[in-house]
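Enquirer: Residues in the sequence shown are numbered from 12 upward in steps of one, following this note's numbering.
No lab work stands behind these hints: they were computed from the structure.
Hints are not guaranteed to be accurate.
Said to hold, decoys possible - Simulated restraints on C-beta separations: (1) E228 / Y204: 11 to 21 Å; (2) Y996 / R81: 42 to 52 Å; (3) D737 / R550: 45 to 55 Å; (4) E794 / S719: 47 to 57 Å.
Glycine is no exception: its CB is placed at the ideal position from the N, C-alpha and C atoms.
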Amino acid sequence: MDFSALRNLISRYCTGEENWVDSRTVYIGHREPPPGTEAYIPQRFPDNRIVSSKYTFWNFVPKNLFEQFRRVANFYFLIIFLVQLIIDTPTSPVTSGLPLFFVITVTAIKQGYEDWLRHKADNAVNQCPVHIIQHGKVVRKQSRKLRVGDVVLVKEDETFPSDLILLSTSRDDGTCFVTTASLDGESSHKTYYAVQDTKSFNTEKEVDMLRATIECEQPQPDLYKFVGRINIYQDRDEPIARPLGSENLLLRGATLKNTEFVYAVAIYTGMESKMALNYQSKSQKRSAVEKSMNAFLVVYLCILISKALINTTLKYVWQSNPNRDEPWYNGKTDHERQRHVMIRAFTDFLAFMVLFNYIIPVSMYVTVEMQKFLGSYFITWDDEMFDEELGEGALVNTSDLNEELGQVEYVFTDKTGTLTENNMEFIECCVDGHVYVPHAICNGQILSGSSGIDMIDSSPGPDGKEREELFFRALCLCHTVQVKEEETVDGIKRGIHQGKATSFYISSSPDEVALVEGMKRLGFTYLRLKDNHMEILNREDEVERFELLEVLNFDSVRRRMSVIVRSSSGHLYLFCKGADSSIFPRVISGKVDRVRARVEHNAVEGLRTLCVAYKALSQEEYHNMCQLLDSAKLALQDRDRKLAEAYDLIERDLVLLGATAVEDRLQEKAADTIESLHKAGMKVWVLTGDKMETAAATCYASKLFRRSTQILELTTKRTEEQSLHDVLFELGRTVLRQHDSLTHDTFSGLSSEFQDYGLIIDGATLSAVMKPAQDDSSGNYREIFLEICRNCSAVLCCRMAPLQKAQIVKLIKASKEHPITLAVGDGANDVSMILEAHVGIGIMGKEGRQAARNSDYAIPKFKHLKKMLLVHGHYYYIRIAELVQYFFYKNVCFIFPQFLYQFFCGFSQQPLYDTAYLTLYNISFTSLPILLYSLIEQHISMDILKRDPSLYRDIAKNCLLRWRIFIYWTFLGLFDSMVFFFGAYFLFDNTTFTSNGQIFGNWTFGTLVFTVLVFTVTLKLALDTHYWTWINHFVVWGSLLFYVVFSLLWGGVIWPFLNYQRMYYVFVQMLSSGPAWLGIGLLVIISLLPDVLKKVLCRALWPTSTERIQTKRKCLTVEQSTIFMLSQTSSSLSF
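All chains should be modelled from the sequences, with the hints used to inform the complete structure.
Expert: What follows is the structure, encoded as structure tokens:
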């Protein structure tokens, strides 16, 4: 039996075959290998379409309705609406149906529009043109039609359409330069390498003649890992096999730079590309306030059901007396007598449910939706959040999370482009302890403009000149900087002087550019790399040529890089630069103590430091090094480990030359923003794909880490020396010992002496921590890691893949405290983190708009986060918390008298209020004041909130919507409703006559209760208002006036479209009674009195920080007005 044929059929016609295939074989150009070499087994791969949308044209209505009716409130109102349609109820179905239809429609339109924008963005990406090589010619196709195995031509400044293996480039050395800003946040240029055997294929025909296959792993989300090999078939029988690594893989979303064109073959397409695998699906986020509303709703549902059950039971108890069962004025029909008692009881239960339904009004959800939608405009209208440079202000992509901005406990931020501008500036260097500052101190001479510079023995002496020049040459040679000749790069004009284009530098590391530019300012200029020779211009304007023999690239474990060069005189040198911790142990001579002192001084200042060393090589040593490196590079397995071992043997016995200091410019006010967030009680984490040293320097500069902060490292280097288990438990003991002593010192008054901890972890170690423990005895690493993090004031996570950023956020979200998280970033690599967090904020940076497009909010700069959280977030939460509690309060006041009334009307489901009052109470009479309050209330001024971030702690952990506060508002509503009902009842019992001797009826009684109700709940809101404007006065007093005018018209005219006229002249008759006027005023005062007393006592005995400031401001206002009055009096007396 031919199993290969069977496998071919399964692969061709069955989906999901990749679940059991560990690797994939890609046929370059879809050309089969020569006969007899290997079986041709094509695999099915997805096309190159990217899908980020949530709905399609066909599933939008059912899927959106399903998602909306998953909300408890929407489903509840749907049930009530259906009950009103099915059975005879005291109220009309329109009262529930119309508001529900409005909410569902508005929400569907909003979500549909957002998804249409995502469809539009997807189509723009999927339809962009791609150049594919077919039959020796360049064919133009849409990106979505690209297939695995297609050979692609990509030109300079174009974005790679899928994950590609580099075959050849326009450069003779087979290298190309790429920016991966939209992937890992690094906007610097990275170098990628073509396969050695294909780098000479520079035409379409040559590439089309290539017959080769690529064997590689199945798609993985790790951006920094790739394992594969290419088999090239030539005339010989056996193919040539070459290893492939991440240096050969061009990732989708990256951009080609400083290279005219490249030829590459697609291996991962569409949703299998690494960028797409790192894309977190967008799910609907729900705020903590909405969760509280749903919890309160469940409580009120229970109250509602209890009321209906009590009334239904008591109705049949009442009717058990034959004299009460069928009064003459309400006789039963034959159909009613024949119905089963259980059916009648169930119908009565539903009728009571509808009657008391207003305790949970749908108008609250309408008001909340309007408040969120209208309130979001305050962010976009904020002039302080407008950036002149970009010409843009803040954007709100979703208004559902406004109040969540006031509840943030953890802030996860990207580094590059978010905290920093990614602009490096060379500050100084020191050679053997002698400091050199460009344009200030050079050659031991203090130049003009150097006052105030800290100098350490600035004169190198005559013997130090040779070492000085060797140091400058080392920095001009030990780098991967490329020279760009054109006038523009990334659309920005650079290197132009007096109208003429001059060269400038680009590199995979921005600090390398800063170092080379710093050397240029000190007299040594790097010119170019030509024919594998590096050229530099010295101070005497002489060109020096060095042959570049080997480059030992930088990696995060070694934390250094080296080059081996041959001078024109034939001398061989190894120049090495790296972090001080990786250079000092390898140095055997040099002025180590003086250089170390300067490095420590610069590190304290928050500067990025590097040490420089060298070693002169003999020809024999160089030959041995070449053999060592070649054998490591050709290894198919454990290549990284063997290269590391080779580098370790080569980079030894160095001579220390000096050190450099470079400043990574922070964004404006980034440090102030982080400091304010700390004072507000938030924990700030930096999650970056950058190197540990780079990120740590930024954290010091941005005040995330302070000078007193003790850094705890949980990195690959440390876990190689100790097991992960030992490292975690050691760190855990360290921070918990401090925590216990802090708890003890808190009571002894010594808490100011506690140690501040900061944690640094890298992506590889995080993967090990997140991996489930194989041995139960080893414990749960996640819990230990979380416990360490909780006791650290700041955490830095470096070398993070985009999906790892999302995993960190998810880990914190799922911890036992369930804190509210916020993620902020500016690149596509931050999208997963932004989508995972409770609130996602995108920075409109230089790295594209992917983050801003997928975020909940977008801001121009990191500094704007301060006002967004401390001011807007504070206001949003205060406003909506009052809105929710007030709505439940005023509806308890509204419905509980209706419940009490049933005890006085034989449980006959007789409404206490007229239908017009039932319908308009939440729509017209009491809705506008609370809506306006929830939009413009300012309990404290903006300036104070920005100046005192600690006020943010007063509203932390959803404190205004806790059960204690909720119960207080509920009991306040019950008290007020009992005052309304029984106050009116006793008033009617004693003084029930008008001037003409008529007795008030039941509709007058209900109208009196309703009038007291409307005035009480409106004045209650007025007492809670701190920020009065003419709009507040207009709406509050206008609502009361509208109620009075409406009642006069409603009861003063016989309306022909009504089949009843029960309210005719009722309101006028009530107002004609003096006792009614007195009763209304008295009952309103009695209802408001307990809340006023409670506030006065709490402010006097247990004031919050906010209340102290409010009291202080009032005292200052009174004092200022008194001084003004006295000054006016004295001036008048002087006359």
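Enquirer: Indicate, hint by hint, whether the structure satisfies it.
Expert: Against the structure, the hints come out as follows:
Taken as a hint, the range 11 to 21 Å holds for the pair E228 and Y204, whose Cβ atoms sit roughly 19 Å apart. For Y996 and R81, the hinted distance range of 42 to 52 Å is satisfied, since their beta carbons lie about 43 Å from each other. Distance hint for D737 and R550: a CB-CB separation of about 53 Å, consistent with the stated range 45 to 55 Å. The hinted window of 47 to 57 Å between E794 and S719 is violated, with their beta carbons roughly 28 Å apart.
When each numbered hint is compared with the structure, a violation occurs for hint 4 only.
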